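Peer 1: Given only the sequences and the hints, what does the whole structure look like? Please build it.
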Amino acid sequence: MKNPSLETSETMDRLHTFIDRTVPIKIGYLLFIVFLKDVVSYPVPNIVTVIVSIMILSATILAFYFEKYPLSTKTIINTFFFYTLFDLLLLTIVIHFLAGIEFIYYVFYIILGFAFFSQRQAIFLTFWTILLFVGLIYLKYFQIISDIHLIPLQAQGLHDFLFVFTTTTLYVLSLCFLGFLSFGFYQTMIKRINLLQKTQIILEIEKGSLEIRVRARKRELGLERKNLEKRINERKKELEEENQKLEGRIEELTKFQKVTLGRELKMKELKKKMIQLKAELKSKKSNL
Numbered sequence: 032m033k034n035p036s037l038e039t040s041e042t043m044d045r046l047h048t049f050i051d052r053t054v055p056i057k058i059g060y061l062l063f064i065v066f067l068k069d070v071v072s073y074p075v076p077n078i079v080t081v082i083v084s085i086m087i088l089s090a091t092i093l094a095f096y097f098e099k100y101p102l103s104t105k106t107i108i109n110t111f112f113f114y115t116l117f118d119l120l121l122l123t124i125v126i127h128f129l130a131g132i133e134f135i136y137y138v139f140y141i142i143l144g145f146a147f148f149s150q151r152q153a154i155f156l157t158f159w160t161i162l163l164f165v166g167l168i169y170l171k172y173f174q175i176i177s178d179i180h181l182i183p184l185q186a187q188g189l190h191d192f193l194f195v196f197t198t199t200t201l202y203v204l205s206l207c208f209l210g211f212l213s214f215g216f217y218q219t220m221i222k223r224i225n226l227l228q229k230t231q232i233i234l235e236i237e238k239g240s241l242e243i244r245v246r247a248r249k250r251e252l253g254l255e256r257k258n259l260e261k262r263i264n265e266r267k268k269e270l271e272e273e274n275q276k277l278e279g280r281i282e283e284l285t286k287f288q289k290v291t292l293g294r295e296l297k298m299k300e301l302k303k304k305m306i307q308l309k310a311e312l313k314s315k316k317s318n319l
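Quick note on numbering: the sequence shown equals residues 32 to 319 in my numbering.
A hint or two may mislead.
Unchecked claim - No more than 30 Å apart at the CA atoms, straight line, and that leaves these computed lysine-lysine pairs for DSS-like: (1) Lys315 with Lys297; (2) Lys222 with Lys68; (3) Lys304 with Lys286; (4) Lys276 with Lys289; (5) Lys238 with Lys222; (6) Lys289 with Lys304.
Hints in this document: simulated from the structure, not taken from any laboratory. Computed from a predicted structure; not experimentally measured.
Peer 2: Next up, the structure:
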């Protein structure tokens, strides 16, 4: 049977790992945007900075809320799941305004989804990510929304230093973030493994102790069984002796009953003779 408090504690640990990893990555979004805007002088819209700041702030507020107001595991996971869906929508808007150069950050959400949510929720999150990205591409393809190019098309090549420097910086940061993310969940798994190993040791000790108690109890039950069998045999002998005594008593009573019946028959015969004698005496007296 699951321990609800333990399950909630484990969920909160995973949630904090999620927050501890996603917030720095989102700060990385923000720093990269500042780099593009202020250092490289790319025309990054101010709305991108606002959206990324909202993503950072909302994740932090959500974590503090769950910490201050403990909820059930199911409520925490479901709330954070819908928040992540909304967060991905915000990320898609950021990707649109940055001309798609941050699409690699979708990968982090997919990895985090399978690490934190149930299998069904993680698969749905993956399809939601694909839908957002494909939808963004086709919205641009059908010219429903404008196609933004922070870097001019003629400058998008390995001959342009700014393009190479920008893309290299982005992918290096992305790989660093991926390692940072993986290390966080590696630490979580190590803690979980250590906890399971400690639990296993405790269970083995309890198992050994239980086996000793079981063997001792078996010996006690064996002795009790022998003593009980001994008492049963002794009682059987006592009952047999009592039975023999009763049978002897019954025989005596039967004999006594027979003797008593014989005496009663003789008494009846004697009474009859006495009656006859009295009758004879009366008849003789009358003759005289």
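Peer 1: For which of the previously enumerated hints does the structure constitute a violation, in increasing order of number?
Peer 2: 2
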